[in-house]
Structures are given as structure tokens and as C-alpha cells.
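Asker: Okay, here's what each chain looks like letter by letter:
2 protein chains.
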Amino acid sequence: MSYKAQVHVSLKKSVLDPQGKTVLHALGTLGFKEARDIRVGKYFEVALEAADEKKAEESLRKICERVLINPVIEEYSFTLTKSA
Amino acid sequence: MSYKAQVHVSLKKSVLDPQGKTVLHALGTLGFKEARDIRVGKYFEVALEAADEKKAEESLRKICERVLINPVIEEYSFTLTKSA
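Each protein sequence line maps, in turn, to chains G and R.
Whatever position you read off the first sequence (first residue = 1), add 1195 for the numbering used here.
Whatever position you read off the second sequence (first residue = 1), add 1195 for the numbering used here.
Derived from the structure by calculation, the hints contain no laboratory data.
Watch out, some of these pointers could steer you wrong.
The list treats identical chains as interchangeable, and a pair is accepted whether it falls inside one copy or across any two copies.
Unchecked claim - In silico lysine-lysine, DSSO-like type, Cα no more than 30 Å apart, as pairs:
(1) Lys1208 / Lys1257
(2) Lys1207 / Lys1257
(3) Lys1216 / Lys1228
(4) Lys1199 / Lys1250
(5) Lys1277 / Lys1257
(6) Lys1208 / Lys1237
Produce the complete structure using the sequences and hints provided.
Answerer: This is the structure we're talking about:
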């Protein structure tokens, strides 16, 4: 079965986000005064093959925790859907 | 009023994603044979201040199109919610 996952990775709330601060400062300089805060993360679209949804979720968790994210400073969430 | 937005940026389907290909290859090398395709994008959490939802959406679109994304090769979507 084919599955598609959308994975969001963001820095834990307690971790400073200098990239976000830089973007926020740039927005201020460019006149976008509405922005109050920005945090920058990563977004992955993963297509994977698995016997069933449980196996797919298991594989995806392993992929996230061992490769895509750094569990010390980042957290992640995902949505998994069956694709045609 | 305070609003929170989650912005997803990904490369247009027609644009090659060498970063994604590299991650996919790394996964193969590490034994995660289930992964078939990966595309890498960006994810922003934006907090902004605006008079109403329409204004917030307008500001956010400008911020996305002029700063956060490159409209030539990237596309974006967002969800906007009122925050307390």
C-alpha cells in the first residue's frame, strides 16, 4: 500500500530560534509591522510503501526520529494518508 | 486582534528537489527501504496583529509573497487562526 505523510518539524518552545528572529527583524525593516513573532521549521512530504497503516506509521516514526529531526532540540508531528 | 498562522512552503511540483533526493538516498543507505519519495519544504509559525481576519490574511499574503517564499519556484498555503 502507498501512503503519503506530511511531517512538520519545529524547534521546541524552549529553544531559541535565531533564524526566526532574523526573519522577524527583516520584516520590521521592510515595513511589515504586523508580525509579532516568527518561528522557522521544516516540512517534509514523504511517500512510503507499507503493508498497512500501522506499519507505515511505525516506519515513519523511525525515519523522523533517526534521520529527519534532532530530538534534542526539535519536535515533530505528522499526518498520514493512504494514497491511490 | 492577535492571529496565528501556520505557513507551508514547498517547491512547485515541476521543480527538482535535490535536497529531497539526498535525504531519500540517505534513507536507502540507512536501510529505510519503505520511503519512495521525499520533498523538503519550509514551515513558518507566524504571530501577527491585525484589526480583523481579512486584514490579517492580507498582511500574511504580502509577507509570504514578498519575504518568505520565492514565487518563481515555490508555492505556499497557510491556515490562520485567532489566538487568545
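Asker: Hint by hint, note whether the structure agrees.
Answerer: Results of checking the hints against the structure:
1. For the homomeric pair lysine 1208 and lysine 1257, the shortest alpha-carbon distances inside one copy (23 Å) and between copies (26 Å) are both at most 30 Å.
2. In this homomeric assembly, lysine 1207 and lysine 1257 come within 30 Å of each other (Cα to Cα) both inside a single copy, at 19 Å, and across copies, at 27 Å.
3. For the homomeric pair lysine 1216 and lysine 1228, the shortest alpha-carbon distance inside one copy (14 Å) is at most 30 Å, but the shortest distance between copies (38 Å) is not.
4. Within a single copy, lysine 1199 and lysine 1250 get their C-alpha atoms as close as 13 Å, which meets the 30 Å cut-off; across copies the closest is 34 Å, which misses it.
5. When the C-alpha separation of lysine 1277 and lysine 1257 is checked against a cutoff of 30 Å, the pair qualifies only within one copy, where the shortest distance is 18 Å, while the shortest distance between copies is 34 Å.
6. When the C-alpha separation of lysine 1208 and lysine 1237 is checked against a cutoff of 30 Å, the pair qualifies both within a copy, at 15 Å, and between copies, at 18 Å.
Checked against the numbered hints above, the structure breaks none of them.
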